[in-house]
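Protein chains in written order, with the working numbering: chain D, 303 to 555; chain B, 333 to 570.
Honestly, I wouldn't trust all of these hints.
Stated by the list, open to error - If you want the footprint, here are the derived chain B segments under chain D, 3+ residues with CB under 8 Å: (1) 376 to 390; (2) 527 to 537; (3) 548 to 559.
Unchecked claim - Residues on chain B that point at chain D, a partial pick, calculated with CB under 7 Å: (4) GLN509; (5) ASN513; (6) LEU517; (7) LYS522; (8) LYS524.
Bear in mind the hints are in silico, worked out from the structure with no lab data behind them.
Virtual Cβ for every residue (Gly too), placed ideally from N, Cα, C.
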Amino acid sequence: MRPHRRSARIQALVAEQAARRGTQVGVVDVCTAAVAALPVGGAGLSAMSRTTPSHQLCSTDAISEQLEELQLTLGEGPCVDAFLHGSAILAPDLLTGGLQDRWTVFADAALEAGARAVFAFPLQIGAISPGVLDLYADVPTVLDAEELADALAFADLATLLLLDTRIDETGAATGGPLPDRCFEDLGGYRPEIDQATGILTVQLGVGIDEAFVRLRAYAYTQGRRLAEVAADVVAHRLRFSPDTEPRRTDEET
Amino acid sequence: MNQQLLAKTFVELADNLVADFDLIDFLRLLTDRCVGMLGASAAGVLLADRDGELRVMAASDEQVRLLELFQLQNDEGPCLECFRTGTQVIVPDLTREVDRWPRFVTVAHHSGFGAVQALPMRLRDETVGALNLFRAAPGPFDPAATLIAQALADVATISLLQQRTTHRSTVLNEQLQTALNSRVLIEQAKGKLAERQGIDMEQAFTALRGYARAHNRRLADVARAFIDDSERFPGLCT
Numbered sequence: 303m304r305p306h307r308r309s310a311r312i313q314a315l316v317a318e319q320a321a322r323r324g325t326q327v328g329v330v331d332v333c334t335a336a337v338a339a340l341p342v343g344g345a346g347l348s349a350m351s352r353t354t355p356s357h358q359l360c361s362t363d364a365i366s367e368q369l370e371e372l373q374l375t376l377g378e379g380p381c382v383d384a385f386l387h388g389s390a391i392l393a394p395d396l397l398t399g400g401l402q403d404r405w406t407v408f409a410d411a412a413l414e415a416g417a418r419a420v421f422a423f424p425l426q427i428g429a430i431s432p433g434v435l436d437l438y439a440d441v442p443t444v445l446d447a448e449e450l451a452d453a454l455a456f457a458d459l460a461t462l463l464l465l466d467t468r469i470d471e472t473g474a475a476t477g478g479p480l481p482d483r484c485f486e487d488l489g490g491y492r493p494e495i496d497q498a499t500g501i502l503t504v505q506l507g508v509g510i511d512e513a514f515v516r517l518r519a520y521a522y523t524q525g526r527r528l529a530e531v532a533a534d535v536v537a538h539r540l541r542f543s544p545d546t547e548p549r550r551t552d553e554e555t
Numbered sequence: 333m334n335q336q337l338l339a340k341t342f343v344e345l346a347d348n349l350v351a352d353f354d355l356i357d358f359l360r361l362l363t364d365r366c367v368g369m370l371g372a373s374a375a376g377v378l379l380a381d382r383d384g385e386l387r388v389m390a391a392s393d394e395q396v397r398l399l400e401l402f403q404l405q406n407d408e409g410p411c412l413e414c415f416r417t418g419t420q421v422i423v424p425d426l427t428r429e430v431d432r433w434p435r436f437v438t439v440a441h442h443s444g445f446g447a448v449q450a451l452p453m454r455l456r457d458e459t460v461g462a463l464n465l466f467r468a469a470p471g472p473f474d475p476a477a478t479l480i481a482q483a484l485a486d487v488a489t490i491s492l493l494q495q496r497t498t499h500r501s502t503v504l505n506e507q508l509q510t511a512l513n514s515r516v517l518i519e520q521a522k523g524k525l526a527e528r529q530g531i532d533m534e535q536a537f538t539a540l541r542g543y544a545r546a547h548n549r550r551l552a553d554v555a556r557a558f559i560d561d562s563e564r565f566p567g568l569c570t
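With the sequences and hints as input, model every part of the structure.
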């Protein structure tokens, strides 16, 4: 499958949920769309950080909400592990002995709450890791390769949506709903985007999350592709500075 | 081919393939040996992500231009063909393949390459990626060298399995995704170090790797700590 196809399909599913709510696409739509598309009973999303307390962002039902709260309170569970290890944590059956040993308190509490299988997907782009997407099912469940790939694509979209909410905070908002094309770069990997993000942490003196947000905000406002803007940054044709608008330079190296 | 060098290389690779190894550092070592031992001008290990998009995991040179040449093959080129068919694609003279891969041949030529081969990385029935070797001069590839290159591609595949065992994951798809994310992490760290020190991407990679080795740490861990500014890195930055 060409990369943009799955991304496009997942984006359409999420947009459909937002349309149903009659509003702009948000992370809650990722949760509801994931529940509709995958063999799970509910989904929840928490914002997580190494430096500030984590908090719940949304959940699709009472059980999901409870699972999120349990993990954040106990400091253990698949979502905590997913965040710390930077990899998806798949627990097809919480009654499995090993899982009970791994999450001594959470496993029983989650079963009590009505969950039997739990899956946690880190929202991440390299060192950028703003949260975790959690899914649960009330029966033992194994996600097949396609379902897993879809779940990872939902997590990717949630990552961008979550970071986009910060575009407003940086004052670089576009003033309306972001255009559809803003997620085009989900498909088709370009290393320059990551290199440019690293470069911007230095040019702007900000953390990696904000560097990425600023790079994307600039691409939107200029109506240019993220990959193009990133290539300019890497080739020193475009320089960002904390106080002024990014400026193009003629310097070629 | 130098037998002694060959033996030394496999011993070195095996030595590196221990429990706490760093996947990307290991794959870079492997591409370096393709250049040093097999006479390739450049080499790269490409891994397919969950949608079958080939992504560079390691390259014998971290310059953007070379990475682009690998990456370009998601549209056309020997790597894509090798990945799709699961078989070796060997091209002794790129100039003869202009019609087959017009864009790839042009860019490869521009980068100074005349011959290329792509060898599949197979795990059981599944092709998970490819080892891509470029040579400056056109001409036939030595069959003995190709055998060894394929063995190196197999070692690269095993290293993915190794990483998988370490993380106790049972799902290949997810494990590859985690590996790809460490590559993203390293690109971000390269960008930050290159900008801070006024050096290029290859120098930035070499410095990060050198620091990780000197301090006996995994490259991905050093990259993350460097991005997060969670510690000081004496000797890495002035």
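Against the structure, the hints come out as follows:
With 7 residues carrying a beta carbon less than 8 Å from a beta carbon of chain D, the stretch 376 to 390 of chain B meets the three-residue requirement, and the given coverage holds. Counting residues of the stretch 527 to 537 of chain B whose beta-carbon sits less than 8 Å from any beta-carbon of chain D gives 3, enough to reach three: the coverage restraint holds. Counting residues of the stretch 548 to 559 of chain B whose beta carbon lies closer than 8 Å to any beta carbon of chain D gives 3, which reaches the threshold of three, so the coverage claim holds. Restraint check, GLN509 of chain B versus chain D: the minimum CB separation of about 6 Å is within 7 Å; hint holds.
For ASN513 of chain B, the interface hint holds, since its Cβ comes within 7 Å of a Cβ in chain D; the closest pair sits about 6 Å apart. Evaluation of the LEU517 of chain B hint against chain D yields a held restraint, the C-beta minimum of about 4 Å falling below 7 Å. Using the Cβ-Cβ criterion of 7 Å, the hint placing LYS522 of chain B at the interface with chain D is satisfied: the shortest such distance is roughly 6 Å. Interface restraint check for LYS524 of chain B: the shortest CB-CB distance to chain D comes to about 4 Å, inside 7 Å, so the restraint holds.
The structure agrees with every numbered hint stated previously.
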